[in-house]
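A.B. asks: One letter stands for each residue in the lines below.
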Amino acid sequence: MFKRKSNSDLAAMEGRKFGLDGIMTALSFVLLFIIVVIPIFMIIYNAFFYQGKFDLTLFTSVIFDKENLKAMGNTIIIAVAVTIFGTIMGLFYAWLLGRSDIPAKGFMRALFTIPYMFPPFFGAMAWDLLFSGRAGYINRWLMSTFHLRTPPVNINSLGGIIFVECSYYFPFVFMQVVSALERMDPTLEESARIAGARQSQVIWKITLPLVKPAISAGALLILISSLAHFGVPSILGFSKNIFTLPTMIYALINKSGGSFEGIRQGTALSILLVAVVAVALVIQKKVLSSGSYDIIKGKSMRPTLIKLRGAKYPLLFLACLTLLVIVVVPLVMIFLVALVKAYGLPLVWKNFSLSNYQKVFASPATMDSIWNSLFLSVTAGVVCMFLGVMIAYVINRIKPRGRNVLEILSILPYSIPGTVLAIGVILAWSGAIFKITLYNTIWIILVAYMARYLSFSMKSASASLQQVNSSLEEASRACGATHTESLRDITLPLIKPAMVSGFFLIFLPAMRELTTSILLYGPYSRTLGVQIFALRDAGMIPQAAALASVAIVIIIVCNSIVTWITKDRKGA
Amino acid sequence: MAAIKFINISFAYGDKKILENFSLDVEDSQIMCLLGPSGCGKTTLMRCLLGLNKPSTGEIYVGDRCVFSREKRINIPPERRGIGVVFQDYAVWPHMTVLENVCYPMKKHGLSRDEIDSKARYALEQVRMSDYAPYLPSQLSGGQQQRVAIARALVSSDEVIVMDEPITNLDAKLREEMLIEIRQIQKNIGTTILYITHDQEASLQLCDKMAIMDSEGKLTQIGTDEDIILRPASRFVFEFIGVSNFFRLSRINDTWCFHDNNSITYTDSVPDKYNSRVDMGVRPNDIIFDDSSSVRGVVKRSVFLGSEYNMFIDFDGQEVRVQRSTFDDGVGSVKEGSEVGLKFLNPVFYNAKEA
Amino acid sequence: MSDKNQVVLRHVTKKFTTRTMGTVTAVDDFNLEIKEGECFSFLGPSGCGKTTTLRMIAGFEDLSEGEIELCGRLVSSSAKNLYIPPEERDLGMVFQAFAVWPHMNIFDNVAFPLKIRKVARREIESRVKDALKHCSLDGLEKLYPGELSGGQQQRIALARAIVTNPKVMLLDEPLSNLDPKLRETMRFEIKELQRQFGFTIIFVTHDQSEAMAISDRMMVCDMGRIMQIDTPENLYRKPNSRFVHNFLGESTFINVTIKDSRVYPKGDETQAINITPPDDALSEMVIATRPNAIRLTKDSGFRTRIEKRIFLTDKTEYLVPVGEQLVKLQTPHRVVFAPGESCCIEIASPGWYPPEDKEAEAERARRQRF
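Protein chains in written order, with my numbering: chain A, 1 to 572; chain B, 1001 to 1355; chain C, 2001 to 2370.
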């Protein structure tokens, strides 16, 4: 049979050459050009050209700078370590929850995905409060109790950074593997038992290799995220002069006070960072060649769970302890410190007050930051939601020539580190094009968010459109609806759930964004993340914690709304 | 109610010609089954009728109305052709209730609310889905969803409904029920139905007339079920409609012999118009065992399937499929390895196919 | 086939308890003796307990009661709380969804059971080669399952199962995911492998013609109970219950009234059907026959007429009124009667059953939901 070649035909039937479809196609190309191509071009141009001439001097001097090389080394060490430990941790707990008879699975599964919701730099703040040199609460307690001279744990170190990033990034692997295990046909494992393999052999020879694609997808996410990560190394590393490439770029630009020279140096470093990410991608692909296996269930049957027997309660204890350390401790810490009158006071009842919250809500700068973040997240969410649907429709249904270019352009910014994207946006919109200057305004942040998050809504809409069989639209044509009416009455309502979830996929990370905003904010365009970071930087740690706790509440509320909405849609 | 006329339709995907100068008349108020192997172009023809594909030549009429004509440059868009359609994958809109699905086409055609109401109720009654009006498709079984699709097609057009393999995704029992229902609905309403399928069994049960297309997209026979079964017009039809055995007969010294081998003779008559070589087709259940026959073979394999035995018989190097009813006399005594005499009832003859 | 018992089930019972449906006895006191080299089928509608029984034999489920013996060795016993794990039962097993490992090529898939058993490399190579040849997969060693069709994947599963030369082969609906044509070929290939290797087959299916085509003996079960165990021909010709009759192929049931040893269609006593009722017949009975066991003639037997004619691809189906009921019968295409034409039917040696059992139907519906 011939593959149905549907909607291009449908459009052609309309009789007009340049209808709705043509407009949407053209618009998609133009917008992606403006949002994605221009910033990327500006980075490359400015790194290699100076005053219109090809000039490598700046680039080489930046690259061979000792400090910068050290930052690059740190970036790689951290990312590799976080990837390895995060993957092992995610894998272990995914297996424990997916294949063993450990109790309270549903509850633990929900808790294990919590770190995914919160920005890692909140965690870094909390751990910093507990273990930073002599000032950290636990360090002080340990030193006084055991009469130690030096603080026993130093969180302001590569190890500390790795630990905190790990605890926030392991859910990438955990969630991928848990769902792969769920979808896996249990007879694949049973047939290995019949073939004579013991339970442990089945795990190593069958289960693990089969979920390898899921592991590698999760590990890749960890690697890229960690390479580009700004929050944790900046909070834990600045005080001890530990830099990574993203924090170094920030430091350079910050030091030069936003001058063009600083930005140019940042640009050159950006190229280095992009190169590291690109190399990581290539190596990843080589090391873990990800095949996609067909491991979907045949007969619906529950997999035979492995009896942990004696190890059951020790493992349950370990899982609970992990949850306590990575989820409960940081969150509780932030709320406790938010209540304390001044940083360093013992965490006892008489030192608690709500004064920090009063200060937070009384400060116009702080309130502005909340409103700015809300405005940016909602606007970016709404705009990207519609743009994403339009681009997805063009790619999946209209299928114009060059749709691969469209697809690549809309996904590309996702693998570009946020810091780099921010620099590209600065270079593009500081008067370089049509003399448009958005620098220091909230609009430049919006443009950056749109570039960064467009792929989320595009992918979500794309996946949903692929579920909507073209015969649904054809049926409505046959029922008397025109092409536009079919779009409006059939296709759009059908992908509405994907649009809603696309919105929240953008809204939630945008609310807690730090990496790009920290480079783009101006005096009147601080975001929530920036303000928390700035408060902490200025030593107002309890206030920073108070604002962070407000952010946590906002995030929890929004997340519950999302869960509620998606649950509601499942019936439809 | 309207007849459908395809005149000289051609269609190609790129260089691949699917249909060439294809003509077919579907009579008014009938169920016409368009039957052909997959890839023969029957779905393409349907899409041309609906306006989803644009033929490169020819004309299509629905009743007196020309919906497509290359010469006259007529190409009415799908939404104004007034043809109801039922797709294989149901294509009921999942975000609308059963009632909304059925009402949508009438809203688009601008009917009054009362009219919509009464027609929707009638259509749902026809498919026995009245009780499900407020349900969403996801709450219905596959068979029920297909009924909704049929109801929706009924209200979109009083004249012509096209069905593209509408029962393929249902299980065997439901398929049979649906066929009976489609038949009943057509009787009640009297629309013309063009039913497209590759399933011989379904089209035999459903059709007033069937049109059989071969793999090259040519029409090979149009007729009633009786015509097709009892008087297949070509070897293709005979082979396509059921399991068959073919024997090469050649005339040597005025007697017909099997396989150019003058020691095995065929003693029954062969139509006079064949004089040197002919292909004889026989259905497996038209071969009976007769010890007096000179055509002898050895049972290589006998498989009991309940109602019948399927046997594979080696006859002079040719594997012959024989199907004997479990209740035929003496069938139980024929075992693997027995020698049997074969007698051919009801043979059909076609010009010898050149190797 | 020999007389030695290869698989023995004694009083095997399995109960499941769920929150919504309460306790359901999925398998109720199964006693079976399957002989060495026999091909034995478990046949029944979904929820009859056939798959559960197979999984208990394989060692994936424990028993609520009873014991299982494989090749003279006790492998499961609820009384002794003894459960030999699946990997130590030396079985071959083929699953409905193929269950070939997509991350291994065909050679590695088939070699896996031998590698696990630490067989020498050279021997592995020759045995895998041999197994692949038997399943007509030679030359495809380096390919991955994803590159093969469903039929070929199931052949890999077969090769993997025979490579260890097991005494007992468990086949769990192995042909259900294949298209009808392939099913027939594979069925033949499985029998051929059995002939060469001499293993015992336990074949689970819900498709009666498949079971009849492949089995030496079969067990028909329903709602967790064994209904009948016999050879396919005996089961088809002499079913001991209406359920078995109905399940083993198309059936024609006629409700009849018996008066003075004469058999009338229910509700119409103008013409008697020319058959002799059994001695213990009730006054109301159901006679059961098959559509192709009814002879359609011009003038001998029960006089009626053709109500409806349906051409099928390989036979013609006629509906004829018998009293107030429509009776379905089938003939080859060459027997031609026109709709409305007068005709006669003869029913030879039908089965006799008491009228319908409503309770059993309700219980079946409940289990279907389970």
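Because the hints were derived from the structure by calculation, they are not lab data.
Glycine included, each C-beta is placed from N, C-alpha and C at the ideal position.
Take these hints with a grain of salt, some might be off.
To be verified - Capping the alpha-carbon separation at 25 Å, the derived lysine to any residue pairs in SDA-like fashion look like this:
1. B:K1054 with B:R1073
2. B:K1335 with C:F2188
3. C:K2142 with A:S470
4. A:K307 with C:F2060
5. A:K212 with C:I2084
6. C:K2308 with B:E1181
7. A:K307 with C:N2081
8. B:K1335 with C:E2233
9. C:K2298 with B:F1344
10. B:K1335 with C:T2231
11. C:K2308 with B:K1300
12. B:K1209 with C:K2142
13. B:K1173 with C:K2328
14. B:K1300 with C:E2307
15. C:K2328 with B:L1179
16. B:K1335 with C:D2230
17. B:K1108 with A:P493
18. B:K1016 with A:W204
19. A:K307 with C:I2084
20. A:K307 with C:S2078
21. C:K2115 with A:L208
22. C:K2181 with B:V1303
23. B:K1300 with B:Y1274
24. A:K205 with C:E2233
25. B:K1343 with B:G1317
26. A:K496 with B:P1134
27. C:K2118 with A:S470
28. C:K2328 with C:E2346
29. C:K2035 with C:S2077
30. C:K2167 with A:Q201
31. B:K1353 with B:W1256
32. B:K1209 with C:E2307
33. A:K399 with B:K1300
34. B:K1187 with C:A2338
35. A:K496 with B:D1089
Stated by the list, open to error - Counterexamples of contact, computed for chain A against chain C with all Cβ distances above 12 Å:
36. S100
37. Q199
38. V279
A.B. asks: Are the hints correct? Go through all of them and say.
C.D. replies: Status of each hint after checking the structure:
1. Restraint check for K1054 of chain B and R1073 of chain B: the C-alpha separation of about 11 Å stays at or below 25 Å, so the hint holds.
2. Between the alpha carbons of K1335 of chain B and F2188 of chain C the distance comes to roughly 17 Å, so the proposed pair stays at or under 25 Å and holds.
3. Taken as a hint, the K2142 of chain C and S470 of chain A pair is broken in the structure, with Cα atoms around 39 Å apart against an allowance of 25 Å.
4. Taking the CA atoms of K307 of chain A and F2060 of chain C, the gap is about 13 Å. The hint holds against a cut of 25 Å.
5. Of the pairs offered as hints, the one joining K212 of chain A and I2084 of chain C is violated, with about 31 Å between alpha carbons and a cut-off of 25 Å exceeded.
6. Using a Cα cut-off of 25 Å, the hinted pair K2308 of chain C and E1181 of chain B holds, with the two alpha carbons roughly 16 Å apart.
7. For the hint pairing K307 of chain A with N2081 of chain C, the CA-to-CA distance comes to about 16 Å; that is within 25 Å, so the pair holds.
8. Straight-line distance between C-alpha atoms of K1335 of chain B and E2233 of chain C comes to about 13 Å, which keeps the hinted pair within the 25 Å bound.
9. Proposed proximity of K2298 of chain C and F1344 of chain B is supported: the alpha carbons are some 23 Å apart, at most 25 Å.
10. Under the criterion of a C-alpha separation no larger than 25 Å, the hint pairing K1335 of chain B with T2231 of chain C is consistent with the structure, at around 16 Å.
11. Taken as a hint, the K2308 of chain C and K1300 of chain B pair is broken in the structure, with Cα atoms around 38 Å apart against an allowance of 25 Å.
12. With a C-alpha separation of about 52 Å, the suggested pairing of K1209 of chain B with K2142 of chain C is violated against the 25 Å cut-off.
13. Note on K1173 of chain B and K2328 of chain C: the hinted pairing holds, with a Cα-Cα distance of about 16 Å set against a maximum of 25 Å.
14. For the hint pairing K1300 of chain B with E2307 of chain C, the CA-to-CA distance comes to about 40 Å; that exceeds 25 Å, so the pair is violated.
15. Between the alpha carbons of K2328 of chain C and L1179 of chain B the distance comes to roughly 17 Å, so the proposed pair stays at or under 25 Å and holds.
16. Restraint check for K1335 of chain B and D2230 of chain C: the C-alpha separation of about 19 Å stays at or below 25 Å, so the hint holds.
17. Only pairs whose Cα atoms come within 25 Å are accepted, and K1108 of chain B paired with P493 of chain A is accepted, the gap being roughly 17 Å.
18. With a C-alpha separation of about 50 Å, the suggested pairing of K1016 of chain B with W204 of chain A is violated against the 25 Å cut-off.
19. Note on K307 of chain A and I2084 of chain C: the hinted pairing holds, with a Cα-Cα distance of about 15 Å set against a maximum of 25 Å.
20. A hinted pair counts as satisfied when its Cα atoms are at most 25 Å apart, and K307 of chain A with S2078 of chain C qualifies at roughly 18 Å.
21. Distance check on the hinted pair: K2115 of chain C and L208 of chain A sit about 18 Å apart at the alpha-carbon level, within 25 Å; holds.
22. Between K2181 of chain C and V1303 of chain B, the direct Cα distance comes to roughly 15 Å. Compliance with the 25 Å bound is thereby established for this hinted pair.
23. Distance restraint check for K1300 of chain B and Y1274 of chain B: the Cα-Cα separation of roughly 33 Å exceeds the 25 Å cut-off, and the hinted pair is therefore not satisfied.
24. This hinted pair does not check out: K205 of chain A and E2233 of chain C have alpha carbons roughly 45 Å apart, beyond 25 Å.
25. Taking the CA atoms of K1343 of chain B and G1317 of chain B, the gap is about 17 Å. The hint holds against a cut of 25 Å.
26. With a C-alpha separation of about 21 Å, the suggested pairing of K496 of chain A with P1134 of chain B holds against the 25 Å cut-off.
27. Distance restraint check for K2118 of chain C and S470 of chain A: the Cα-Cα separation of roughly 54 Å exceeds the 25 Å cut-off, and the hinted pair is therefore not satisfied.
28. Simply put, K2328 of chain C and E2346 of chain C have alpha-carbon atoms about 13 Å apart, close enough for the 25 Å limit, and the pair holds.
29. Among the hinted pairs, K2035 of chain C with S2077 of chain C is consistent with the structure: their alpha-carbon atoms are about 20 Å apart, no more than 25 Å.
30. Taking the CA atoms of K2167 of chain C and Q201 of chain A, the gap is about 24 Å. The hint holds against a cut of 25 Å.
31. Between the alpha carbons of K1353 of chain B and W1256 of chain B the distance comes to roughly 17 Å, so the proposed pair stays at or under 25 Å and holds.
32. Restraint check for K1209 of chain B and E2307 of chain C: the C-alpha separation of about 20 Å stays at or below 25 Å, so the hint holds.
33. Our distance criterion of 25 Å between C-alpha atoms is broken by K399 of chain A and K1300 of chain B, whose separation comes to about 56 Å.
34. Distance hint between K1187 of chain B and A2338 of chain C is fulfilled; the C-alpha atoms sit about 21 Å from each other, no more than 25 Å.
35. As the CA atoms of K496 of chain A and D1089 of chain B are separated by approximately 22 Å, the hinted pair is consistent with the 25 Å bound.
36. With a least beta-carbon separation of about 17 Å from chain C, S100 of chain A lies farther than 12 Å from that chain, consistent with its non-interface assignment.
37. At roughly 8 Å, the least C-beta separation between Q199 of chain A and chain C is not larger than 12 Å, which violates its mark as non-interface.
38. Distance check for V279 of chain A against chain C: the nearest CB is about 27 Å away, which clears 12 Å, and the non-interface claim stands.
The structure shown violates the earlier hints numbered 3, 5, 11, 12, 14, 18, 23, 24, 27, 33 and 37.
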